[in-house]
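Please build the complex by placing chain B on the supplied structure of chain A, with the hints as guidance.
Residue numbers (this note's numbering), protein chains in the order written: chain A, 16 to 180; chain B, 16 to 180.
Treat the hints as calculated values from the structure; they're not laboratory data. A few of these clues could be false.
Identical copies carry no separate label here, and so any pair may be met within one copy or between two of them.
Said to hold, decoys possible - Calculated lysine-lysine pairs in the DSSO-like style (CA-CA distance at most 27 Å, straight line):
| id | residue 1 | residue 2 |
| --- | --- | --- |
| 1 | 74 | 101 |
| 2 | 178 | 74 |
| 3 | 101 | 179 |
| 4 | 121 | 74 |
From a predicted model like this one, the values you see are computed outputs, not experimental measurements.
Here's the letter readout for the chains.
There are 2 protein chains.
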Amino acid sequence: MSNSQKTLDTLCPVARAEEVLGGRWTLLVLRELFMGNHRFDDIQIQTGGTPQMITGRLKSLEAEGLISREPYSQRPLRYEYRLTPKGDAFYPVLLALREWGETWCKSEDESVAVNFTHTVCGQPAGVGLHCAHCGLPLRREEMISKQSADYALERKIRWEAVKKS
Amino acid sequence: MSNSQKTLDTLCPVARAEEVLGGRWTLLVLRELFMGNHRFDDIQIQTGGTPQMITGRLKSLEAEGLISREPYSQRPLRYEYRLTPKGDAFYPVLLALREWGETWCKSEDESVAVNFTHTVCGQPAGVGLHCAHCGLPLRREEMISKQSADYALERKIRWEAVKKS
Numbered sequence: 016m017s018n019s020q021k022t023l024d025t026l027c028p029v030a031r032a033e034e035v036l037g038g039r040w041t042l043l044v045l046r047e048l049f050m051g052n053h054r055f056d057d058i059q060i061q062t063g064g065t066p067q068m069i070t071g072r073l074k075s076l077e078a079e080g081l082i083s084r085e086p087y088s089q090r091p092l093r094y095e096y097r098l099t100p101k102g103d104a105f106y107p108v109l110l111a112l113r114e115w116g117e118t119w120c121k122s123e124d125e126s127v128a129v130n131f132t133h134t135v136c137g138q139p140a141g142v143g144l145h146c147a148h149c150g151l152p153l154r155r156e157e158m159i160s161k162q163s164a165d166y167a168l169e170r171k172i173r174w175e176a177v178k179k180s
Numbered sequence: 016m017s018n019s020q021k022t023l024d025t026l027c028p029v030a031r032a033e034e035v036l037g038g039r040w041t042l043l044v045l046r047e048l049f050m051g052n053h054r055f056d057d058i059q060i061q062t063g064g065t066p067q068m069i070t071g072r073l074k075s076l077e078a079e080g081l082i083s084r085e086p087y088s089q090r091p092l093r094y095e096y097r098l099t100p101k102g103d104a105f106y107p108v109l110l111a112l113r114e115w116g117e118t119w120c121k122s123e124d125e126s127v128a129v130n131f132t133h134t135v136c137g138q139p140a141g142v143g144l145h146c147a148h149c150g151l152p153l154r155r156e157e158m159i160s161k162q163s164a165d166y167a168l169e170r171k172i173r174w175e176a177v178k179k180s
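Chain A with its partners taken away, still in its complex shape:
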């Protein structure tokens, strides 16, 4: 039984899920894992959280069964973090959050951060939960992502600011 089942005296699945998430940074850590960043430094740099915050979120996500870790280096001991099936299944939440964020939390002159191509039809997928071209529900394994130039630059700057210091 996970923390979310022990601590919450409610049947509401939204409350259970919120208990698992436990505040800021968790969604950004999951975002990085879905983007293919599996190592602590990369996750910390791109989320902008302090090492303590990111360590806490990773521990909590592991305790709740969304991620697992295995060593990729013995000296010094370093771990990679991978999504479990329970973590993988969280993808539709991030996709729905992306749609809402792109639609409601941006100015007109800001680019979409990540553009997806829908491999089923070969066309741009848009920012919704269904392909803007063919209308099929979007699945993670049927999308190819490409960061916009602005967003790629923003991530590069964050990475270089830390690696050069």
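Same frame as chain A, but now just chain B:
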């Protein structure tokens, strides 16, 4: 320009959305508004947050443009909170979170908290983003909700615990 646009130095829509949400209770406040609870006492009782926390979340949601408020009583002055179009548009995120919570954060002997009937086909909608019977994407305005007996009881107990004290 909203807070989420001012404070976040990133194009990532997930980060923007997380900035708007700002931690625990916010999702539960939105859940209550989508369930038709529009008054402070009812929201506070059913989320289980302290009055201070719920006041803070309502203020933040109003500042970010997800809810508006209007008086329903002049003496004493009392407000009702309503979802704006930006708040309404958040529904798919809650629906995706519900699916994940029902699927991954519950034991087998616990009931689904809220069952939806899909009015388009007249059948149970299931816990996914598409109708379990007809496969169409689920829209809020095409669903009728019914709380399970256990979940209705849990909410009744919370309400009575406060109203009787």
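Check: How would you label the pair residue 74, residue 101 (within, between, both, or neither) given a Cα cut-off of 27 Å?
Finding: within (15 Å within a copy, 33 Å between copies)
Note to self: Reference check for the pair residue 121 and residue 74, CA-CA at most 27 Å: within, between, both, or neither?
What the structure shows: Answer is between: at 21 Å across copies they meet the 27 Å cutoff, but 32 Å inside does not.
Check: Given a CA cutoff of 27 Å, do residue 178 and residue 74 count as a within-copy pair, a between-copy pair, both, or neither?
Finding: This pair counts as within: shortest intra-copy Cα distance 25 Å, inter-copy 39 Å.
Check: How would you classify residue 101 and residue 179 at a CA-CA limit of 27 Å: within, between, both, or neither?
Finding: neither (36 Å within a copy, 41 Å between copies)
The structure fails hint 3 only (numbered hints given earlier).
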